[in-house]
Structures are given as C-alpha cells and as structure tokens.
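Colleague: Dock chain to chain to rebuild the complex, using the hints, since each chain is given by itself in its own frame.
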Amino acid sequence: MNDDDVIICRCEEITKGEIRRAIQAGATTFKAIKKFTRAGMGLCQGRTCRRLILQILAQETGQTPGQLLPGSYRPPTRPVPLAALKGEKP
Amino acid sequence: MKAPDVVVVGGGVIGTAVTYYLAKQGADVLLLERSELGGETSSACDGFVILQSKSPGVHLALALASAELYRNLAAELDWDIEYKNCGGLIVIEREEEMPAMRTFMSKQQAIGLDVRLLSGEEVRRLEPALAPYIAGATYSPQDSQVNPLQVVLGFAQAAARLGARVCQGMPLQTLRRTGARVGAVVAGGEEIPAGAVVLCTGVFTPEILAPLGVDLPIRPRRGQLVVTEPAPPMVRHIFLCARYIAAKYHPELLAAAEDEALRLGVGLALEQTESGGFLIGSTREFVGWDKRTTPGGIREIVRHATRILPALAQLNAIRTFAGLRPYTPDGLPFLGPVPGWENLYLAAGHEGDGIALAPITGRLMAELILTGHTSFPLEDFAVERFSCGKEQGGRLKVTP
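Residue numbers (my numbering), protein chains in the order written: chain V, 1 to 90; chain D, 91 to 490.
So that you can see chain D by itself, here it is in the shape it has in the complex (with noise of 0.2 Å):
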C-alpha cells in the first residue's frame, strides 16, 4: 500500500470529519476502520447541534465555531445531512431551577450565545404540546439538529472524492515505534508507513493508548434512547431538562427528584427526526461496555418526556438502542499531540458531543496536524491534562 501523509484510525464521526478536513486541505489520507462506517457511538446518539447544554467557556466557544461549519456543510459536502436550524429549548419544569438558569444562561451570552429566557405562557405559545405545568425554558436559535449517520456518510464521501482512501473492516493491530515517532500502522496484516496518525477511537482510545503506556481517562458512559414511530410534526424544536444543567452547578435541586431516575442520570433529550419519529433520551450511566437497553431505563426516560410532553404517550415505541459515549472528567475532548510522540494525535472523548463538535474538530485537527497551529487554541484540550499534578486536583496548568 501507498504511504499516506497521514493515518485515521477511527470511521465514526469524528474520524471521518478529521479525513475530510485533511483531504481537503490536499493531504493523502488513509482512513482505517475496524468493522464499517458510524458502527458504534456515532450511530448510537441524538442529532443535536446544540449550544445551550455546552458548559461556558471554551467548550461553548468551540460550539460555536463548530456551529458555522454546519451551516453550509450539507452544500459544502454535497450531501444531505439533514441539517435544520429549528432552535432549542431547555425545558424548566420547576420555579426552583429559574436562578440556576439564569446564571448559566447569562454567561452563555457573554460568550456570544444568543440565549433567552422564557415564561411557561411564551414556551406553551411557542410549543402547544408542552405540559400546563412547565415553569418556563431558554430558547436559543442558534441551535439546530443534523442526522448523524448522514453526517458520518457526507464526510466519508466527500474525503473519497478528494481523494482519502476509506477502509472499513480493517482493524488497527499495531503502532510500530521508530525511536520517538510511530514508523508504520499495522492493520489487516500490512504494514503501512506513515507521515502522521490521528486516533479518533473514543471509547476505546484508552485500550489503544495502554501498550504504550499512556494512561488516558476515557471511560464508557452508557445513554439509552426510544425511538417513536413516525408521527405528523408536534413539537419545532429541540429539547433538553434543565435538570441536568441545574445539577451541575446546584445538585442541591436534585434532592426532590425521583431516586431512580436520579440513578440512572436521566435528563430529557428530544427530538422529532426528519422521518418524523421521535428520538428520546437518555440515561448517564457507567456500565462498563454493557451495550444494552434496560427496562427501568426506558421506563425512566419515558415518565420523564411523556410528564413533559403529555400527547407522547399515545405513540408507538419501535425501537430502543444504547451507545456507549465517551466521557472524560472534566468534559471536554482530548485534542492534540499525545506527549512523548512526534507524530501521533488524539481526537477522541468528545462524550455526547461529538456530533456538534465533529466538523471544528476536523478542521482543528488538520490545522494542527498539517501546519503545527491552529486557528481556536486548544491548550484545555490537551492530551497531558490529567496526566501530572495530581496534588494540585489532577489539572495540568499549561496556560500560564
């Protein structure tokens, strides 16, 4: 085989945003992908290109720059993704969650969100569907929604096209060590050279990065979603609960919720697909690689989105599915250079973020990768971040 300029291991969505960002910038690339295409987290998830629930700071800003890119990315990879620019609501349910909403929402839009607050009368104006005793919601415009196994397909097309060479059901064996640079990928039995290699594995990053001694926090956190049958439009937007968002800044509201579904880490995540079904989600929960759906879950997830839209409960579940995502500590991705290594790259850990950050993390990743700078600084998502200063709370300060 050919030696590309650089090796992607990983076809999820983040995998084939990196190759085509590559590829378009004229680099060789050679995709690598263990069974197919989108096969597991990026098949597995919601479609949301959502804003609101991106904490504040640079994870928001990232975002942001990642929402551009999707605006004109359906043209620009001439295929269609879905895209919609439908907005989002965040969905209060109680009085009790208004300050923390507030706080979250005013620094939301010093970062350049535009983000507002409504009553329960303007949320029930905007949505009929929504239950009398929703206390309120942000709204945010900016948010939209994408199918992501067309945005998987639309950039492993579109990278073909320019060029990058996509193989599916080629698992990656070895990374061969030349003194401080990966010399060869073995995959499929061959040994292929390589300029660079990016690992946009997710979860399974950390058992990649093990035999080389690279300790890496990524673990699975398992969401499970319903998916509805196909029914005429009910709602316009997006939705989340405020009860995730509440609870990371004020766990104290929690206290009232329901045990189980405080267990499982509930938090509602709706949408009305293109096809017209609903998908619903989703639990938070650390099972290991446990891939399957359980009753209590989907039972959880169903009380919580039929008490806030009260008319789902006369639809017809078709399917249930989990994917596992992968989380980090402080939720944000690995991206950059893994330290002690010339040539090799992380994009992985992007939790349940990968899909509205795919296409900023491409295009990061290839500036990175092809010239050593990048246009968004990516020191609080470097790779090293965990890995030192334990006494000082497990945060490597590379920032001065």
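Chain V on its own, in the form it takes in the complex (with noise of 0.2 Å):
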C-alpha cells in the first residue's frame, strides 16, 4: 500500500498524501492544514489525527513535533447533544 493513501483523520477520510500536498501548497501550521484538508475538524475533533499530523508536518518541515503549535481546542471539546447545551435533559 502507498504510505500516500494510509488515512490519517478518520472522521473526514483525509489521506496522508493529502495532507503533504496542503504541506507543501503552504499550510505549515496544524491550523492551516486543519483548514486545508478539513483533517481533525470532524466528529472526535482531532482527538486521533492531531498527533499524527503534527509527526508529518514535522517531518516535512525538518522540524521537531515539540517545535510545532498544537491547534487549538474548542469546546465542548466531546460530542454534546445540543438539547443538553439548551439546558435541558437530552
């Protein structure tokens, strides 16, 4: 199998190759790729494909991964029913 093809954010079905070409079209932030690719903005949130995708923009880049800002987080961070956001019993 390609290492190109291997999907890396699961909610959003975004390939590894992917995500290099938006790396390499400039997205050099998880943020930029984040918007981009749609990678990490599904139903976990990047709960899974954070890390990876801060392991390949390091790679890419010739950087480290604790060189890298991680994206933000936004609440409520886990799947809330939107009844239970409206103050009531879902």
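Hints in this document: simulated from the structure, not taken from any laboratory.
One or more hints might be untrue.
[Stated by the list, open to error] Facing chain D, from chain V, some residues (calculated, C-beta under 10 Å):
#1 THR28
#2 ARG74
#3 VAL80
#4 LEU82
#5 ALA83
Quick reminder that beta carbons are idealized off the backbone N, C-alpha and C, glycines included.
Modeller: Next comes the structure, spelled out in structure tokens:
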C-alpha cells in the first residue's frame, strides 16, 4: 500500500498524501492544514489525528513535533447533544 | 524585494479577493498576511452569500453584483469553493413580524431581488423539518452558500498562479510617508517601495490607521457559532430568522422576545454545510477583542435554533467558536481612498457580509486602484463619510 493512501483523519477521511500536498502548498501549521483539508474538523475534533498530523508536518518541514503549535481546542471538546446545551435533558 | 505595483495588507477573504482581481488585471501584487491566510474573521463565520439580509438600497445592489460574480468563480479560480445556489429562507416565527417583512421584501423586489413570501404551510412543504408554529418565510432562489475557507484559499492560489506574491507570517510594521503618499511599506524587517497600498485588515484597521491620524469607526463585534456532527440532509436551504430584520425597522416587535437572547443579539443563521454538519449562529455582541464562546451565548443560539428546527436537538455539537466581525455604524464597508493620501486605499468593515461581498469588493478595488474609476458607484462607501459633519448627524454628504 502506498504510504500516501493511509487515512490519517478517520472522521473526514483525509489521507497522508492530502496532508503532504497541503503542506507543500504552504499550509505549514496544524491550523492551516485543518483549513486546507478538513483534517481534524470531524466528529472527534482531532483527538485521533492531531498528533499524527503534527508528526507528518514535523517530517515534511524538518522540525521536531515539540517545535510545532498543537492548534486550538474548542469547547465542548466532546460531542454533546444540542438538547443538553440548551439546558434540558436529552 | 522587487517593488510591487500594489501591496495588499491582510490575507482574509477581502485581501485575497483584492489581490486576485488586481493580479487578473495584470498588476504586480504583494499580499502581506501577518500570520496565515484566513486566520481571523474569514475562518470564524458562516458561508452565506445571502441577498435577502441586505438592506434595500446600495447594500443590496452591491451584494447582487457580488452574487453574480460568485456564479462562475469556482471555474474561474479552478478551485472548489463549495458554491451551491441553494436558495435562502428568512423564517418568520410570529404573525406580528409579517407586515415588516412584507415591506422589507417589496423594497428588495424593487431593486431586482427575486424574493417572495411563503405561508407557514408552503414553507413547511419546502422544508418539512420546520416547527409547526412557524408563521411563514420569505424565500429567494438567489441566495447561495460557499465554504469561506475555500474561497480564501481559492483566491490566494489563483492570484499566485497569476504572479502575485502571497507572503504569510509577514506583519505590517509601518507605512512610511513620503509627502502625500505611502512611500514604502515596512514588513518583516524589509522596506518595500509600493505604487499603492490597500488595507484589507477588517477589525484591525483602526489600529493601523490611528498613527496616521485617521479615526475609523470600525468596532469588533463578536459572533458565536455552533457546529454539529455530520447528519443526513435535513434542510436544503440556508436560514435566517426575521427577528433581526424586523428589529431593524420595527424594534417594538422585539419587546415580547426573551431578554437574554435580545441582549446577546441572537438571530438565527443556519446552514447544513457540504460536510453534512450544521453551522448554527449567531450572537452579535460588543465585548472588545474577546473571541471566546460563552455558555450563555451558546445556550441562546441553541434554544433559538432548536425551537425553529426541533430535530436539531438530537444532534451532537462537536465544536463552538466565535469570530470578530468588523462592525461599522451604518452597516456598510469602507471602500475607497484614505483622505489625505494619494495611494492608500481601504477595503474593510464588511461586518457579517465579507464573504458575500468579497468578489465585488475585489473587483471594484482593482478597478479603482488601476484606473481611478469603478463600474459601481462607491460614494456611499467613502472612508470619510463619518469624519466630519457630526452636527448633521455624522454623515458626510458626498453626492448632491
């Protein structure tokens, strides 16, 4: 299997190849990759793929993952039914 | 660095649009973005290209011209901006709002917008997920949606293909004055001579202009939004509610509404995006530079949305976020030269209409800078319209 075909973001079904291409097109932060590809914007909000994307980004740009900004975490951080957010039992 | 014809400051939807249309006309353009493309307001908003929300007058006329440019934009940019001519509904919750909406609508029709009034029954036939109490809606087949991030990227990529230089991580440091001109732009430690400079810096524009002695009444206005998990198609149109529109013309109608929602300026803005998730907004709050979401704001948005579309309550919210909209006192952007300067221009202050108005803004600014004339009159958008004549109501009369 070609490395580029590996799915990195399972929620949005974004492959390693798509992430590499976004980096080559100038998306050199986690935030920018997210905007380019939608990786990390699905149901789990990057809980699975954030570290993998940072690793790919580090490799492609010759940095260590520690040098990279991890991107933002937005509330509610876990899926919460809208019924609960409006102050009612779901 | 080679001196460009035009330096565009700000890589949001307006800055990238201006860059693209300038490059398309053959200009050598340098775009300076202080962090990354679409990093602020343009990535914290909805993707409405909605005409029905525009006040009947020059605002709507400008939006109509912009919507026309959106039709072929994806092909022109060779980029999937997720444009969908889905049609839009302004949901009318209460009979009392009908007369105001009728008036608003007939004024819009006079300007050329295809918009009609639907009864509760008719609108539920169009959108069966709407709650039974909904009194009706206005409907326009001309309303559309796009993915704002892809619009920003599409403009930037297409501009780059035309030879524009797009520089990210390049904050503007100084505009260097030479007589009545900007002689050079200082950014990233470099002094870049420029033929003309356009500020497309949205909410940040006043702080750039203050040192030049220009006082610009743009204020950050926070809008909070909620994103849900992807769901099967539930609605086919984009939605606003009449409360905001009615409030503009008949504020007394809001007296019966809940205080908390009113205080936060909650008005429904809802779309099911290409990914299947719902984007639900929004508040309108003056809270300075605070970009956080608040439990109270999210609660009122969700209450309002689930009242209108009850089935939403079953979906999970996966993300909330807020963006700062560049508010202006009359709801119109500033498009034009900065008074007292020969080569400094402004395209900022679109509040919640930046996505909808980006293509026409880009095109008109390119015309203005390169030829000195525009195909759409810009008098009503003049930068100096608030700067004098305070005794006459703060409006500078430009046209006789």
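Colleague: Would you settle whether the hint for ALA83(V) is holds or violated, based on the nearest Cβ-Cβ distance to chain D being less than 10 Å?
Modeller: Where the cut-off is 10 Å and the nearest Cβ of chain D is about 4 Å from ALA83(V), the hint holds.
Colleague: With 10 Å as the cut and Cβ atoms as the points, is ARG74(V) at the interface with chain D?
Modeller: This hint holds: ARG74(V) lies near chain D, its Cβ roughly 5 Å from the closest one there, short of 10 Å.
Colleague: With a cut-off of 10 Å, does the beta carbon of VAL80(V) approach a beta carbon of chain D closely enough for the hint to hold?
Modeller: 5 Å, holds
Colleague: Holds or violated: THR28(V) as interface residue toward chain D, Cβ cutoff 10 Å?
Modeller: Holds, about 8 Å.
Colleague: Minimum Cβ distance from LEU82(V) to chain D below 10 Å?
Modeller: Interface hint status for LEU82(V): holds (5 Å vs cutoff 10 Å).
Every hint, counting from the list given before, is met by this structure.
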